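In order, the protein sequence lines correspond to chains A and B.
Last residue of the first sequence: number 252 in my numbering, and the count goes up by one each step with no gaps.
Last residue of the second sequence: number 252 in my numbering, and the count goes up by one each step with no gaps.
The set of hints was computed from the structure by calculation and includes no laboratory data.
Careful, some of the hints might be misleading.
Pairs count within a copy or across copies, as identical chains cannot be separated in the list.
Under the rule of at most 30 Å between Cα atoms (straight-line distance), these lysine-lysine pairs were calculated in the DSS-like manner [what the hints assert, rightly or not]:
hint, residue 1, residue 2
1, K190, K45
2, K22, K199
3, K190, K200
4, K70, K222
What you are looking at is a predicted structure, and each value in this text was computed from that prediction instead of being measured.
So you can see what is in the structure, the chains are spelled out below.
2 protein chains.
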Amino acid sequence: MVTKNQIKLVVSLKQKKYRSQHRLFVVEGEKVVNELLQAGAKPFKVFVDDAVLMGKFKDADVVPSKILKQMSSLTRPNGVLGVFYMTESQKDIVDDWVVVLDAVRDPGNLGTIIRLCDWFGVTQLVCSPDTVDCYNPKVLQATMGSIARVNIVYVDLEDYLQKTNLPIYGAYMEGKPVYEADLAKKGVLVMGNEAKGISDEVGQFVTKRISIPQFGAATAESLNVATATAILLNDIRR
Amino acid sequence: MVTKNQIKLVVSLKQKKYRSQHRLFVVEGEKVVNELLQAGAKPFKVFVDDAVLMGKFKDADVVPSKILKQMSSLTRPNGVLGVFYMTESQKDIVDDWVVVLDAVRDPGNLGTIIRLCDWFGVTQLVCSPDTVDCYNPKVLQATMGSIARVNIVYVDLEDYLQKTNLPIYGAYMEGKPVYEADLAKKGVLVMGNEAKGISDEVGQFVTKRISIPQFGAATAESLNVATATAILLNDIRR
Numbered sequence: 015m016v017t018k019n020q021i022k023l024v025v026s027l028k029q030k031k032y033r034s035q036h037r038l039f040v041v042e043g044e045k046v047v048n049e050l051l052q053a054g055a056k057p058f059k060v061f062v063d064d065a066v067l068m069g070k071f072k073d074a075d076v077v078p079s080k081i082l083k084q085m086s087s088l089t090r091p092n093g094v095l096g097v098f099y100m101t102e103s104q105k106d107i108v109d110d111w112v113v114v115l116d117a118v119r120d121p122g123n124l125g126t127i128i129r130l131c132d133w134f135g136v137t138q139l140v141c142s143p144d145t146v147d148c149y150n151p152k153v154l155q156a157t158m159g160s161i162a163r164v165n166i167v168y169v170d171l172e173d174y175l176q177k178t179n180l181p182i183y184g185a186y187m188e189g190k191p192v193y194e195a196d197l198a199k200k201g202v203l204v205m206g207n208e209a210k211g212i213s214d215e216v217g218q219f220v221t222k223r224i225s226i227p228q229f230g231a232a233t234a235e236s237l238n239v240a241t242a243t244a245i246l247l248n249d250i251r252r
Numbered sequence: 015m016v017t018k019n020q021i022k023l024v025v026s027l028k029q030k031k032y033r034s035q036h037r038l039f040v041v042e043g044e045k046v047v048n049e050l051l052q053a054g055a056k057p058f059k060v061f062v063d064d065a066v067l068m069g070k071f072k073d074a075d076v077v078p079s080k081i082l083k084q085m086s087s088l089t090r091p092n093g094v095l096g097v098f099y100m101t102e103s104q105k106d107i108v109d110d111w112v113v114v115l116d117a118v119r120d121p122g123n124l125g126t127i128i129r130l131c132d133w134f135g136v137t138q139l140v141c142s143p144d145t146v147d148c149y150n151p152k153v154l155q156a157t158m159g160s161i162a163r164v165n166i167v168y169v170d171l172e173d174y175l176q177k178t179n180l181p182i183y184g185a186y187m188e189g190k191p192v193y194e195a196d197l198a199k200k201g202v203l204v205m206g207n208e209a210k211g212i213s214d215e216v217g218q219f220v221t222k223r224i225s226i227p228q229f230g231a232a233t234a235e236s237l238n239v240a241t242a243t244a245i246l247l248n249d250i251r252r
C-alpha cells in the first residue's frame, strides 16, 4: 500500500530542493531499477503499477497506474518507479584519471558523461556547482545504472584544481591535437560548458590544452561535449 | 506574404511521405538556417516571425507568430523556419571511408552521426531503408548544417556491401579491440541498431569485427551508437 504522504514525497522529488533535503532520488523503468539494485544502491521504495511486475522486485508496492503517472516524470510512465537513497560523496583525491565538468548544463550530456566514466573506469567525476544536478530525472534516464558506480561531487573547481597534484588537461577548440599530446598515466580532464567552453577562472589551472582534430570542412559545428569526452577518454585509456 | 497553400505545404512536410513527394525539408532556427545557406543548400522559402530578423535573410517572408507555430515542429518555435530543397543523392562508390548504418532508429543518434561524419570528413553515409529519415525534424535539429555537407543515401545494405571492394569493419560488443585492429586507409564502417546491433544479414559481409574496450565494471550498459561512432571515426582518422 502506498500512503498519501509517500505520493507527496515522491512527487516532491521532481525538485532538486527536496531531493537534497530528503537525500532521495527517483529512477524509472524495470531495467534501470534492477541495475541500481544490482550495483548495490539502497532502495527506499520500489513502486510498480502491475501485480505481475511485483514478483520481480522484493518488497515492491503495487499502485494504480493513475498514481504512478502522478509520481512519474515521464510522459509515458513505464510501470516501475524506484526511489533510492543518495550515497555520501567521497571527496578524497583519487589516484587515477578524474573528469571535471565546468558548467555542463544539458541533462542528456551529463548522463552520457557519467555512463562514459563508468565505461572507461573513471570513478571520480567532479562538477562545478552550476553543472546540472546528477539526480535530475533526465540525467538518470541517460546514465542507466552507472550513477551507482561513479562517485560524483559538486565543488568549487578553483579550490579543487588548486589542490590536485595531477597534470590538468583541458579540452579546447584550439588546443594541441590529442594524438600528439603527452597523455599522463593519471591526470585531470576538464570539459567545459556547451556554449562557452571552459571558463577563464577554471582555464587558468589547465596546464595542457588539448583538442580533437577536425578532418571535414572547417565550418562544421564543434563536437558536442559528451562526444568529445568519449573520444578523449578513449584516447586516455588506450 | 505567406499563402494558405504555403502554410499547408509546410505543415505537410512534418510527414516523411510529403517530404519525399515534394523533395523539400524544414529546418528551424537562425543559426542552422544560416549554416545551410552558407553550405550552399537551395532554399525554397525562409519564414521569420519578426521584421527585425527579416533583414538577416534575403527574400524572407514575415509571418505572424501564430502561423509560424503552426508550421513548426518545435514546442517553442524560435522565429526562423527555412524550407529547403533536398539534393540528389549520389550513389557513386566513394574512395574513402564510408559509414553504413543498419537500422539506426533514434533521430538524435542519426543527427549526431551525420555531424560526426562531417567533423571527420566522411562524405558518404549509407543507411538501410529502415534507418530513421535524415530529414526528420529531430534529426535535422541534431545535425546543424552538416546535412548539407554529407551525402546520405538509403539503399539495400546487402546489395551495397556486395558491390564494394573496400574492407568492411563492423562494431560488435565482442569484436577485436579497435586499438589492435589493423585499420585500413579506406574502408566501410558498419554500425548497428541501438538494441540489436548489426543484423545477421548485414553481418555476413563484415570481414573485421571491432569493439571499443571497456575499462569499468563489466555490468555497464553498452556505449550508445553515436558515441561509439565518434570513438571509432576518431581512431580511423588518427
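Hints, verified against the model:
1. K190 <-> K45: So K190 and K45 pass the 30 Å test across copies only (28 Å; inside, 41 Å).
2. K22 <-> K199: Neither way: K22 and K199 sit 48 Å apart in one copy and 60 Å across, limit 30 Å.
3. K190 <-> K200: Both, since 18 Å and 26 Å are each at most 30 Å.
4. K70 <-> K222: neither (50 Å within a copy, 40 Å between copies)
Going down the numbered hints, you'll see the structure goes against 2, 4, while the others check out.
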